[in-house]
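There are 2 protein chains.
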Amino acid sequence: MQLEKYFVKGELIPAIVQEKGTKEVLMLAYMNRESLQKTLETGYTWFYSRSRQELWNKGATSGHLQKVVSISGDCDDDTLLVIVEQTGPACHTGSHSCFFKKIKDFAE
Amino acid sequence: MQLEKYFVKGELIPAIVQEKGTKEVLMLAYMNRESLQKTLETGYTWFYSRSRQELWNKGATSGHLQKVVSISGDCDDDTLLVIVEQTGPACHTGSHSCFFKKIKDFAE
Chain H
1 MQLEKYFVKG ELIPAIVQEK GTKEVLMLAY MNRESLQKTL ETGYTWFYSR SRQELWNKGA
61 TSGHLQKVVS ISGDCDDDTL LVIVEQTGPA CHTGSHSCFF KKIKDFAE
Chain G
1 MQLEKYFVKG ELIPAIVQEK GTKEVLMLAY MNRESLQKTL ETGYTWFYSR SRQELWNKGA
61 TSGHLQKVVS ISGDCDDDTL LVIVEQTGPA CHTGSHSCFF KKIKDFAE
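Which chain is which? The protein sequence lines are H and G, in order. With the first letter of the first sequence counted as 1, position 12 gets the number 12 in my numbering; the numbers rise by one all the way through. With the first letter of the second sequence counted as 1, position 67 gets the number 67 in my numbering; the numbers rise by one all the way through.
Chain H with its partners taken away, still in its complex shape:
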């Protein structure tokens, strides 16, 4: 697999995680080469934590693992879309999705 093209612009690429069944967007995290490789090899999501500067296997401590269904890249190779089967909540707050802070709803 040609993965190098995803790391031309930077060492980290944003990965959108979307739930297969509900199509809900669960979270966004970052992958480096190694975490993308581990995700492809294991079938579960691995990311790179910018704050802790280390790889993390999503759900390894909480049990809230993400089983990968598919991974796609975008048109200009600088974002990934990871479709998963989510066990438990995706968010560390206990929310199913991380996107629970509504900024604005627009009128129809």
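Any given hint could be a false lead.
Claimed, not checked - Under the rule of at most 25 Å between Cα atoms (straight-line distance), these lysine-lysine pairs were calculated in the DSS-like manner:
{"hint": "1", "chain 1": "H", "residue 1": "K5", "chain 2": "G", "residue 2": "K102"}
{"hint": "2", "chain 1": "H", "residue 1": "K101", "chain 2": "G", "residue 2": "K38"}
{"hint": "3", "chain 1": "G", "residue 1": "K20", "chain 2": "H", "residue 2": "K102"}
{"hint": "4", "chain 1": "G", "residue 1": "K9", "chain 2": "H", "residue 2": "K104"}
{"hint": "5", "chain 1": "H", "residue 1": "K23", "chain 2": "G", "residue 2": "K102"}
{"hint": "6", "chain 1": "H", "residue 1": "K20", "chain 2": "G", "residue 2": "K102"}
{"hint": "7", "chain 1": "G", "residue 1": "K20", "chain 2": "H", "residue 2": "K20"}
{"hint": "8", "chain 1": "H", "residue 1": "K23", "chain 2": "G", "residue 2": "K20"}
{"hint": "9", "chain 1": "G", "residue 1": "K101", "chain 2": "H", "residue 2": "K23"}
{"hint": "10", "chain 1": "G", "residue 1": "K67", "chain 2": "H", "residue 2": "K23"}
{"hint": "11", "chain 1": "G", "residue 1": "K101", "chain 2": "H", "residue 2": "K9"}
{"hint": "12", "chain 1": "H", "residue 1": "K102", "chain 2": "G", "residue 2": "K5"}
Derived by calculation from the structure, the hints in this document are not laboratory data.
Fit chain G to the given chain H structure using the hints.
Leaving out everything else, chain G in the frame of chain H:
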């Protein structure tokens, strides 16, 4: 609205764009303060182009505008999720979504 918290980690915040009806993830682009403000004011998506270093109103030249339904922030205020009604294809290639390059499908 408290928008400053979205620009603490950096001047740009990634914004995931998802289609309302299909729930398809269409694209990811970046917003700075001004583009977020313009999006909130106009109800159509504005982003900041990192390559051209300027604001862009998505679809202003192609006509493929994105009417905003809602904007949410994530748990740690470093990603936005923008739900839109998409006119025409979201991708400059003519694809409905930018995520058309399948990297891997995992077996059931």
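Practice problem: Provide an ascending list of the numbers of those earlier hints which the structure does not satisfy. | Solution: When the structure is compared with the hints, none of them turns out to be violated.
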